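Protein chains in written order, with our numbering: chain A, 1 to 224; chain B, 1 to 224.
There could be a bad hint or two in this list.
If several chains are the same, the list does not tell them apart, and a pair holds so long as it fits within one copy or across any two.
Derived SDA-like pairs (lysine to any residue); straight-line CA-CA distance at most 20 Å [what the hints assert, rightly or not]:
| hint | residue 1 | residue 2 |
| --- | --- | --- |
| 1 | K183 | P142 |
| 2 | K80 | T160 |
| 3 | K183 | G27 |
| 4 | K183 | M151 |
| 5 | K214 | W145 |
| 6 | K85 | L49 |
| 7 | K139 | R10 |
| 8 | K183 | L213 |
| 9 | K139 | L200 |
| 10 | K139 | R201 |
| 11 | K85 | S73 |
What the hints contain is simulated information worked out from the structure, not anything from laboratory work. Note that the coordinates shown come from a computational prediction; the quantities given were computed from them, not determined experimentally.
There are 2 protein chains.
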Amino acid sequence: MAAKKKAPARGTSPTTLTRVRRLPELGRYEPRDIDAILDAATHCHIAHLIGRQPVVTPTLHWRVGDRVYWHGSVASRMLKAAGAKAQVCLTATIIDGWVLARSAFNHSANYRSVMCFGQPEPVADAADKSRLLEILTDKLFPGRWPQLRPMTRKELGATTILSLALTQASAKVRSGPPDDPLKDREWPVWAGVVPMELRLRAPVADSGAIAGLKAPRLRAPGRR
Amino acid sequence: MAAKKKAPARGTSPTTLTRVRRLPELGRYEPRDIDAILDAATHCHIAHLIGRQPVVTPTLHWRVGDRVYWHGSVASRMLKAAGAKAQVCLTATIIDGWVLARSAFNHSANYRSVMCFGQPEPVADAADKSRLLEILTDKLFPGRWPQLRPMTRKELGATTILSLALTQASAKVRSGPPDDPLKDREWPVWAGVVPMELRLRAPVADSGAIAGLKAPRLRAPGRR
Numbered sequence: 001m002a003a004k005k006k007a008p009a010r011g012t013s014p015t016t017l018t019r020v021r022r023l024p025e026l027g028r029y030e031p032r033d034i035d036a037i038l039d040a041a042t043h044c045h046i047a048h049l050i051g052r053q054p055v056v057t058p059t060l061h062w063r064v065g066d067r068v069y070w071h072g073s074v075a076s077r078m079l080k081a082a083g084a085k086a087q088v089c090l091t092a093t094i095i096d097g098w099v100l101a102r103s104a105f106n107h108s109a110n111y112r113s114v115m116c117f118g119q120p121e122p123v124a125d126a127a128d129k130s131r132l133l134e135i136l137t138d139k140l141f142p143g144r145w146p147q148l149r150p151m152t153r154k155e156l157g158a159t160t161i162l163s164l165a166l167t168q169a170s171a172k173v174r175s176g177p178p179d180d181p182l183k184d185r186e187w188p189v190w191a192g193v194v195p196m197e198l199r200l201r202a203p204v205a206d207s208g209a210i211a212g213l214k215a216p217r218l219r220a221p222g223r224r
Numbered sequence: 001m002a003a004k005k006k007a008p009a010r011g012t013s014p015t016t017l018t019r020v021r022r023l024p025e026l027g028r029y030e031p032r033d034i035d036a037i038l039d040a041a042t043h044c045h046i047a048h049l050i051g052r053q054p055v056v057t058p059t060l061h062w063r064v065g066d067r068v069y070w071h072g073s074v075a076s077r078m079l080k081a082a083g084a085k086a087q088v089c090l091t092a093t094i095i096d097g098w099v100l101a102r103s104a105f106n107h108s109a110n111y112r113s114v115m116c117f118g119q120p121e122p123v124a125d126a127a128d129k130s131r132l133l134e135i136l137t138d139k140l141f142p143g144r145w146p147q148l149r150p151m152t153r154k155e156l157g158a159t160t161i162l163s164l165a166l167t168q169a170s171a172k173v174r175s176g177p178p179d180d181p182l183k184d185r186e187w188p189v190w191a192g193v194v195p196m197e198l199r200l201r202a203p204v205a206d207s208g209a210i211a212g213l214k215a216p217r218l219r220a221p222g223r224r
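Just chain A, with the same shape it has in the complex (with noise of 0.2 Å):
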């Protein structure tokens, strides 16, 4: 599908690019271990260039395989601005909770984020595109794409999607409790996490909805 070009394999070491230079044992190169956050995250942001003035921009990024996808405004600005051929960065991150240690300095946060690197791509083809936004659809909203409008001709061709290949990324994890030196744990103060998630509230249907309709029940998004 989309990714006629094979792209390299995918390997579970770091690159120059994708080393985790600051506390390195919270460094993870293996693909499952990137796919799952990246799968987890709600949102992305990429990092790209305009002349020389970094821009860093959210949007919603869906993975198959060994790819990550985007689409949209965000990817349409991108392709306009550098022909899709400059270097992106792509950093999805996932706060699960505040670390509360004895000192102000150890004071952290446990989190999961990813970051990859690359030349995005266009996807071209209209059958491609198609089934790549039905995948997104499934993703945030399960069984719902048979049950909408069918996308037509002008919309797909109007929606521009980019994709990256996941072969310069890394993962950096940390969780647990607070790294406090033991000198430090007697001081009297409470330590530990209190853990952070994203919840789903009840639905607000549309005004103008039809009545009887049920909503969709949605798996709130971020859980490992």
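Position chain B against the provided structure of chain A, taking the given hints into account.
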């Protein structure tokens, strides 16, 4: 404090850099709107250049008046990479829900985001640094700073803090129901919004914690 240099006044109009081009009706340029989003976001993503490669890193941030601050390893690497003279882009995003339309094309997310551009400046003075870290701690964990083992001179020395004046910043906010065209509104599928929010779960005390100390009650981030 910290910002000795007086930053130029913040405007309420877009600049070439900050103008929201896609869906301009969602753009906001009032400092109070920008500040509220920065204050509510758990973290931000900062893009900077390493050579010609944009790199976007997640980090915690906090705002004091007309500046936004970040610290730690991200700030430290930026200082090393570019002597804080390079342009950065700081983007903070809160996803408020999924927007379910009658067509895949009109599906969207409700969100609040802020994008800030400029050259970061390091905070040099130890007393300024200490005061800024107190403000960050107090933002996340109200009342906790005086209970903590005090910062040492060495810790302050090891902490890099950078800041960005909010003179080139804009916000973009989508809220409310799907934007289906009239002719789609009869399509028989549920449409509306599934709101999403961050929730804190029950605190988990460090296994070495002193018995009888009470976990702080924190406010969930992201709320308006």
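Hint-by-hint comparison with the structure:
1. K183 x P142: Neither way: K183 and P142 sit 51 Å apart in one copy and 25 Å across, limit 20 Å.
2. K80 x T160: within (11 Å within a copy, 37 Å between copies)
3. K183 x G27: So K183 and G27 fail the 20 Å test inside a copy (27 Å) and across (50 Å) alike.
4. K183 x M151: between (63 Å within a copy, 14 Å between copies)
5. K214 x W145: within (15 Å within a copy, 48 Å between copies)
6. K85 x L49: Both: 11 Å inside a chain and 17 Å across chains, each within 20 Å.
7. K139 x R10: neither (23 Å within a copy, 41 Å between copies)
8. K183 x L213: Answer is between; shortest inter-copy Cα gap is 18 Å, intra-copy 61 Å.
9. K139 x L200: Close inside one copy (16 Å), not across copies (25 Å); limit 20 Å.
10. K139 x R201: For K139 and R201, only the intra-copy Cα distance (19 Å) is at most 20 Å; the inter-copy one is 26 Å.
11. K85 x S73: within (17 Å within a copy, 30 Å between copies)
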